Amino acid sequence: MIRTHRLAAGVCALLAALAGGIAFPGQAVADETEQAAPKVELVLDVSGSMRTADIDGGTRMAAAKQAFNEVLDATPEGVQLGIRTLGANYRGNDRKEGCKDTAQLYPVGTLDRTEAKTAVATLTPTGWTPIGPALLKAADDLQGGSGTRRIVLISDGEDTCQPLDPCEVAREIAAKGVGLTIDTLGLVPDAKTRDQLSCIADATGGTYTSVQHKEELTDRVGQLVHRAADPVVTPVATEGTDQCSSAPTLKSGLYTDREEFGQQRWYKVAVDPGQELRASVSVAADRAVNADYGVLLRAVTVHGREIVRGEASGLGRTDVISTGLRYPKAESDDEDAAPETVCLQVTNSFSAASGVKTSPGLPVELTVDVVDGPSQASDVASFGLGRGWWLLGALVLTGFLAGLVWGWVSRWRIAVWRSN
Amino acid sequence: MSITRVLSAALLAVGLPVGLAAGPAAADSSPSPSASQDSGAPTQAGTSFRTATEIDQGQQATASGSTGDYLYWSFPADAGQRPDVKATVKLPAAHAAQTWQLDVYDGLRRRQACQYGAQTRTAAQGATSVELACVMRTVRAWSEPWADDPLPGTYYIRLTVVDLTSADLGQPVSAEVRVDSKDIGGSAAVDGSLAKPLVPGIAVTSAADDGASPATESAKPAVLSGIEPDGGWSSGWWSDRWVWTGIGGVLAALAGIGGYALTRGAGRPSRVPPGA
Numbered sequence: 001m002i003r004t005h006r007l008a009a010g011v012c013a014l015l016a017a018l019a020g021g022i023a024f025p026g027q028a029v030a031d032e033t034e035q036a037a038p039k040v041e042l043v044l045d046v047s048g049s050m051r052t053a054d055i056d057g058g059t060r061m062a063a064a065k066q067a068f069n070e071v072l073d074a075t076p077e078g079v080q081l082g083i084r085t086l087g088a089n090y091r092g093n094d095r096k097e098g099c100k101d102t103a104q105l106y107p108v109g110t111l112d113r114t115e116a117k118t119a120v121a122t123l124t125p126t127g128w129t130p131i132g133p134a135l136l137k138a139a140d141d142l143q144g145g146s147g148t149r150r151i152v153l154i155s156d157g158e159d160t161c162q163p164l165d166p167c168e169v170a171r172e173i174a175a176k177g178v179g180l181t182i183d184t185l186g187l188v189p190d191a192k193t194r195d196q197l198s199c200i201a202d203a204t205g206g207t208y209t210s211v212q213h214k215e216e217l218t219d220r221v222g223q224l225v226h227r228a229a230d231p232v233v234t235p236v237a238t239e240g241t242d243q244c245s246s247a248p249t250l251k252s253g254l255y256t257d258r259e260e261f262g263q264q265r266w267y268k269v270a271v272d273p274g275q276e277l278r279a280s281v282s283v284a285a286d287r288a289v290n291a292d293y294g295v296l297l298r299a300v301t302v303h304g305r306e307i308v309r310g311e312a313s314g315l316g317r318t319d320v321i322s323t324g325l326r327y328p329k330a331e332s333d334d335e336d337a338a339p340e341t342v343c344l345q346v347t348n349s350f351s352a353a354s355g356v357k358t359s360p361g362l363p364v365e366l367t368v369d370v371v372d373g374p375s376q377a378s379d380v381a382s383f384g385l386g387r388g389w390w391l392l393g394a395l396v397l398t399g400f401l402a403g404l405v406w407g408w409v410s411r412w413r414i415a416v417w418r419s420n
Numbered sequence: 001m002s003i004t005r006v007l008s009a010a011l012l013a014v015g016l017p018v019g020l021a022a023g024p025a026a027a028d029s030s031p032s033p034s035a036s037q038d039s040g041a042p043t044q045a046g047t048s049f050r051t052a053t054e055i056d057q058g059q060q061a062t063a064s065g066s067t068g069d070y071l072y073w074s075f076p077a078d079a080g081q082r083p084d085v086k087a088t089v090k091l092p093a094a095h096a097a098q099t100w101q102l103d104v105y106d107g108l109r110r111r112q113a114c115q116y117g118a119q120t121r122t123a124a125q126g127a128t129s130v131e132l133a134c135v136m137r138t139v140r141a142w143s144e145p146w147a148d149d150p151l152p153g154t155y156y157i158r159l160t161v162v163d164l165t166s167a168d169l170g171q172p173v174s175a176e177v178r179v180d181s182k183d184i185g186g187s188a189a190v191d192g193s194l195a196k197p198l199v200p201g202i203a204v205t206s207a208a209d210d211g212a213s214p215a216t217e218s219a220k221p222a223v224l225s226g227i228e229p230d231g232g233w234s235s236g237w238w239s240d241r242w243v244w245t246g247i248g249g250v251l252a253a254l255a256g257i258g259g260y261a262l263t264r265g266a267g268r269p270s271r272v273p274p275g276a
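Here the protein sequences come in this chain order: A and B. The first sequence maps to residues 1 to 420 in my numbering. The second sequence maps to residues 1 to 276 in my numbering.
Just so you know, these hints were derived from the structure itself, not from any lab. Keep in mind that this is a model prediction, so the values were computed, not measured. We treat Cβ as the ideally placed atom computed from N, Cα and C, and that holds for glycine. Among the clues, some could well be false.
Claimed, not checked - 30 Å max Cα-Cα, derived DSS-like pairs, lysine-lysine:
| no. | chain 1 | residue 1 | chain 2 | residue 2 |
| --- | --- | --- | --- | --- |
| 1 | A | K96 | A | K65 |
| 2 | A | K192 | B | K90 |
| 3 | B | K182 | A | K214 |
| 4 | A | K214 | A | K176 |
Stated by the list, open to error - These stretches of chain B come out as covered by chain A in the derived footprint (C-beta under 8 Å, 3 or more residues):
| no. | segment |
| --- | --- |
| 5 | 46-53 |
| 6 | 194-200 |
| 7 | 243-252 |
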C-alpha cells in the first residue's frame, strides 16, 4: 500500500513538472501585445423627427441628451469616446445636401466630460437621417490602434438617403476593420426602422435594442460603453487560400478571415511530434441566410489524407455556427523529427436567397492552439483499476479458492513427508 | 462520493493507512457549488465566444439584454463532473409567442449534447418567463480525437431566442443562468489525460505566463478564456477506483487466509500424536 502511495505521489510530481515546466515554442505574438485603448463612438440621430415628444412625456432628443449626460459621467477610465451626429446642421430640403450632413461633435480621444456635455447640450433636432454616410465617417473616426472599436448608433427613423443601404455599409465597414462592432438603438421604432437597425447590428455582430423609456436608453448605452472597456483578445487578420500548398502558416492564436458562400479556405499549422493541435472555427451569419446551414473543418495531411474532422450543422436563427477538432500527433523516437504540416480546410454550407450580396464573405473566426499531447489511455479505466461489487466478489472468491488450494496442497505435502 | 466515504470508513476499520483515501480525495475532489454564492456574480453577459462572461459553477449570473441578443457565458468543468445548466429568461410584459434556446459548446466550440432538460422552449404569448435546462454528459479526462465527448476545460453557454415575431425584436429581457454539477466519481474515471485542459488560447496564455516578469503582471493581456475551477484542474490520477481495488486486495487476502484455515480445521489437528 505504501509503495502504491509513493508511486502515486511520484506520478503526481511528474505531472506537475510536465504541466508547469515546458515552454511552448512559436506562438503568435499578436495576442500578447499590450491591450490598446478601446474606442467607442456614439452616433446620434439629430434629425427633425427627434422632436417628437413620446418618451416618458419628453422629446426623444431630451431623452437622448439625458442618457448621454449620464453615460458620459459613467464612462470607464481608459475608454476613448467620441460623439458624431447625423442630421444636425442642414435645415434645407435638398436631399443631396441633407444626406451629407454628418459631423463630429466630439473627437474620439480621452474624455473631457464637461466639454463633451456642453457639446451635447447645443444639439437641436434639425435635418435628414443619413445613417449610411454617418457610419462610414464614424468608422474613419475610429481608425488606428489595435483595441476594440464599437459604434453605438441611436436613431429614431430609417435612413432617408437611399440607395446607399446602411446595412451594406455596415457589413463593408466590418469587413475592413478587425474587431469593429455596431450596436444600434431604435427610439420608439416603427417596423422599417427596426428591420434596418437590426440588420445593421447583425451585419457586425452587434446588438439591437428598441427603446421606449428614458431609463432603458441610459442603461443600454451605459452597458454598451462598459462592454467596450472589457479587455478582449483582438484577432489577427489572415487570408486563407483555396489550396493547402499556398496556404498561410498559422501559429497558436486567434485569427479572422472572410469566406464566401461555398468557398473553401485552407490554412497550415506545423505540429511537432508529441504535440496536440486544437483548432476551432466559427462562421458568422452576418446577413440574411437560409435557415439551414453548416460548417466543416478538416485536418488533412499534405498528401491529402484526412486525419480528423469537425462538423456542425444547424437550423433556425443563429449568429454563428462553429466546430472544432483535436489532433494529437504521436511521439517520435527520432529526436530531430521534423514537425508535420497539417492543413486545415474550412468550408461552410450557408446559402442565401438570390439578391443577397455574397461579398464580402462571411466572417470566419479561427482559433489555433498547439499544446503538449495527451497521455494516451492504455485501458478504459483509470490506471486499469477496478471498481464495484463484482470486482470485490471476484477477488474474494479467487482469494478463498487460492487459500483452500494452498491449504490442501500443504496438507498433502505434510502427509507425503510423514509417510516417507 | 458517499461510497468513497463508506469505503474509507471500512478501510479505517480494517486498520489500513487511510492516508491513501482521505488526503487526495479532499484535494482533488471536484469543486462543489461554491460557498461564495451570488457574491460578485457577473451581472452581464458576453455577445460572442470571444467576449463570453466567465462564471463559476454554483454562481447565479444575471444579465440584461434585448430580445434577439445572443448571450454568452463560459464556465469551467472538470473530469468526473456532470454539469447541469439552468437558465431563466424574464420576458417583457407584452410579447407574442417566442422560442428560446440554450446551447452548450465545449472549449473547441463544438456543440455539446444535452442528456435531458428542456433546451428549447416556447413561451406562450404574454408569459412572464421561460425556463431552460441542459444536463450534459459526464466530462471525461480523455477521449479519442474523433469523439466529441466532453473533456475538462471551458464550456460556453449560448442563450438566445430562435423564433420570434419581428415586432418583439429589441425588447428588454433579463436572464439568469446557473451551472451546478453532479460529481459522478470513480465510475467515470477513465485512463489517459490531456496535457492541458480544453481552454481556448491556453497555448498563448501559458507561453505568456512562462515569460512574464512579475512587473508586467498588473497589465494583464486579454485572454480568450482564463477560466479555472476553484482549486485548479484536477491532476486526474485520483479516483475511488484505488479504494475499491485496495479493498478488493485486502478482502481477497482475508478470504485466502479463511480458505486456508478451513482446510486445517480449528487448532491443532487431533490426529497428530502428542510430542510430534
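ask   = Which hint numbers does the structure go against, in order from smallest to largest?
value = Hint check: 3 and 4 fail, others pass.
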